[in-house]
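Asker: Could you put together the complete structure from these sequences and hints?
2 protein chains.
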Amino acid sequence: MRKKEVTFKEISEYTGFSKTTVSRYFNDPDSLTLENQQKIADALEVLGYKENKVARMLASGKTEFIGVIVPNLFLNYYSEILNKLLSTYEKYGYKFLVFAGNEQPETERKYISELLAYKIEGMIILSHTISSEELASYGVPVVSIEREDKYICSVNSDNFNGGEQAAQMLSDCGCDVLIHINSDVPPEIPAHKRITGFKEFCRQNNIANEVLLVDWSGVFSENVVKTEETINYLDEKYPDKRKGIFLSNDNTAANFLNCLVRKHSCLPDDYRMVGFDNSSVSAEAIIPISTIEQQIDKIAGEAMEILVMQMNEQKKRRPVPLKEPVHKIVPTVAIPRDTTKNREITKQK
Amino acid sequence: MRKKEVTFKEISEYTGFSKTTVSRYFNDPDSLTLENQQKIADALEVLGYKENKVARMLASGKTEFIGVIVPNLFLNYYSEILNKLLSTYEKYGYKFLVFAGNEQPETERKYISELLAYKIEGMIILSHTISSEELASYGVPVVSIEREDKYICSVNSDNFNGGEQAAQMLSDCGCDVLIHINSDVPPEIPAHKRITGFKEFCRQNNIANEVLLVDWSGVFSENVVKTEETINYLDEKYPDKRKGIFLSNDNTAANFLNCLVRKHSCLPDDYRMVGFDNSSVSAEAIIPISTIEQQIDKIAGEAMEILVMQMNEQKKRRPVPLKEPVHKIVPTVAIPRDTTKNREITKQK
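Quick note, the sequences are listed as chains A and B, same order.
Sequential numbering of the first sequence, starting at 15, is according to our numbering.
Sequential numbering of the second sequence, starting at 15, is according to our numbering.
A hint or two may mislead.
[As the list claims (entries may be wrong)] Derived lysine-lysine pairs resembling BS3-like cross-links, with alpha carbons at most 25 Å apart:
{"hint": "1", "chain 1": "B", "residue 1": "Lys329", "chain 2": "A", "residue 2": "Lys53"}
{"hint": "2", "chain 1": "B", "residue 1": "Lys277", "chain 2": "A", "residue 2": "Lys355"}
{"hint": "3", "chain 1": "A", "residue 1": "Lys277", "chain 2": "B", "residue 2": "Lys355"}
{"hint": "4", "chain 1": "B", "residue 1": "Lys98", "chain 2": "A", "residue 2": "Lys98"}
[Claimed, not checked] Reference listing, derived: stretches of chain A covered by chain B, where coverage requires no fewer than 3 residues with Cβ under 8 Å from a Cβ of chain B:
{"hint": "5", "stretch": "97-105"}
{"hint": "6", "stretch": "114-123"}
{"hint": "7", "stretch": "275-283"}
{"hint": "8", "stretch": "296-308"}
Everything labelled a hint here was simulated from the structure, so no lab data went into it.
We put the CB at the ideal spot given by N, CA and C, even for glycine.
Answerer: Following this line, the structure appears as structure tokens:
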């Protein structure tokens with residue numbers, strides 16, 4: 015059922031050009047006149063030529079492949095970013111070789127070394143497994159998203175301002191004390207700036223605050239228990255205060271909200287909440303959750319732009335590598351929903 | 015920083031073998047003695063040879079690429095299946111070129127034709143865009159998951175039994191009338207059998223039932239309105255009956271549950287619910303939702319097994335194509351949680 019393979023000999027016989035000329039059409043088309051290029055293109059059409067990209071790849075070094083490494087696809091943030099990256103196919107024509115790393119450095123290294131053997135043109139890295147220093151040493155254009163990025167180009171959200179925006183939203187709806195719940199993110203990870211932005215806002219505005227670093231598990235039911243314990247702790251420590259809770263992502267926020275509603279049959283009036291990401295879980299929660307949007311469209315778009323720019327440079331006869339990695343910051347957007355409203359937002363008992 | 019490219023000439027000089035022998039090592043290693051293979055392998059190590067897979071691909075026709083086409087990655091079912099497919103890299107070594115189709119047949123055809131030009135070895139198709147007849151005509155091994163599959167191999171859940179299991183769970187907790195909420199799935203789509211399985215169970219057990227086909231939107235807020243209308247309809251039509259609701263997926267089920275809880279401040283005693291998929295949303299809902307598990311691990315595993323079997327056949331000198339497409343059915347598993355329990359499952363007013 016496959017179209018037959020057409021040989022250079024047949025194309026040569028059909029067009030009257032020498033086989034050398036036909037070969038030049040594939041490997042260096044601009045060495046032929048436009049007219050002759052068109053004649054060969056027409057002949058290919060008639061002969062039912064089926065392009066063998068592997069042969070072209072070998073000749074040109076342009077594979078049109080980009081490797082993407084994500085930690086996993088069960089967190090909405092990663093699958094949503096990947097969705098946006100894949101959708102750039104229509105714009106750029108690059109094809110994506112996707113790998114879910116699961117934090118196993120050896121498997122990830124083996125995969126990357128295969129990608130390099132396949133002459134991929136560039137990589138987009140969301141996993142945290144391999145240091146940016148090592149990634150830079152592979153000699154292929156790389157852009158990272160929201161991970162340690164000292165030696166490679168990156169696109170990150172404005173996490174610092176995001177932390178400030180979250181604190182601002184909670185402060186605006188009259189919270190007495192602001193609580194930020196996060197995990198122990200190391201300072202070199204961009205998301206760490208959510209903590210510093212939150213703290214800085216509280217310091218400048220003289221608002222009582224507390225940062226709780228929780229050791230989240232990969233098992234959901236364990237995180238429910240940890241969240242219930244956190245709520246009991248907050249209820250006891252701040253019984254008469256309105257508590258503004260800023261959670262480091264929307265999945266954690268949805269879980270926190272569910273635990274609160276299970277305990278109190280509603281979101282009690284002494285709680286306000288803000289998540290982070292604007293993943294679908296925040297809008298689809300039992301009470302729509304206010305959040306800080308990461309502009310995933312823009313992040314994916316900027317990552318591709320920086321990568322394409324580097325990949326195009328690599329195709330020049332004398333590529334000039336970047337002197338310094340480019341670090342692009344994408345603004346976050348405050349999305350107010352029901353968990354920061356000052357009214358009775360669920361039926362009370 | 016890249017390792018230098020090592021030429022056949024250098025390998026030949028280092029080992030004392032002719033360039034022809036070196037070439038045979040790469041393209042037909044078994045034509046050399048094991049001892050000579052080892053000598054060349056050792057030399058490659060010493061010379062820092064970096065495999066150029068593109069050249070090997072061209073020589074062997076084995077690209078180790080599989081194309082995967084999903085409709086999108088925002089529905090948990092698709093991102094979870096993709097996650098499992100990608101994780102087979104460690105077992106089989108195949109790399110996945112992933113495309114999110116967004117139901118645009120022309121873009122999807124263009125993408126597939128590129129994949130074929132890159133000599134991918136096989137495809138796994140979850141999108142519904144292109145008919146199985148057309149996919150079969152491409153002459154490359156294909157396995158589909160949960161879509162029309164008349165002319166191609168496929169792996170699907172036992173949707174019929176899944177529909178029966180859902181009705182059984184609802185019947186077991188004392189429901190008077192069973193309602194199945196789905197969209198208007200055409201009969202050639204495997205998921206249609208959820209409807210027929212549900213109906214067959216009700217018929218055999220003489221249980222009052224109704225199938226509601228809803229025209230779901232891509233916009234979540236519109237689906238909230240449609241769900242609220244459905245609940246009002248059910249409350250009015252069956253005021254004194256215990257209603258057992260079977261929803262066609264867990265995302266829809268979570269939305270239905272949220273709408274019920276918003277209206278009644280709890281899951282009222284005259285409602286029981288079962289979803290479908292066992293996606294994370296069901297376990298993480300405000301009240302953990304009973305569901306019918308699609309065994310995503312097994313589905314992905316079986317799809318790869320059938321595909322690898324076909325791809326291996328293609329590598330033989332005289333491949334024998336399958337006489338008939340293989341259609342594999344994976345059992346579903348009933349997962350009882352709180353929405354089918356017969357007790358007070360949330361605090362009542």
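Asker: Would you mind marking each hint as holding or not holding in the structure?
Answerer: Hint by hint, here is what the structure shows:
Under the criterion of a C-alpha separation no larger than 25 Å, the hint pairing Lys329 of chain B with Lys53 of chain A is inconsistent with the structure, at around 36 Å. Restraint check: the Cα-Cα separation between Lys277 of chain B and Lys355 of chain A comes to about 19 Å, which is no more than 25 Å; the hinted pair holds. Taken as a hint, the Lys277 of chain A and Lys355 of chain B pair is honoured in the structure, with Cα atoms around 19 Å apart against an allowance of 25 Å. Using a Cα cut-off of 25 Å, the hinted pair Lys98 of chain B and Lys98 of chain A holds, with the two alpha carbons roughly 20 Å apart.
With a cut-off of 8 Å between beta carbons, the stretch 97-105 of chain A has 5 residues touching chain B; three or more are needed, and the interface restraint holds. For the stretch 114-123 of chain A, the stated coverage by chain B holds: 3 residues have a C-beta nearer than 8 Å to a C-beta of that chain, and at least 3 were required. Counting residues of the stretch 275-283 of chain A whose CB lies closer than 8 Å to any CB of chain B gives 4, so the stated coverage by that chain holds, three being the minimum. Proximity of the stretch 296-308 of chain A to chain B, defined as three or more residues with a beta carbon under 8 Å from a beta carbon of that chain, is established by the 4 residues found.
Hint check: a violation occurs at hint 1 only; the rest are consistent with the structure.
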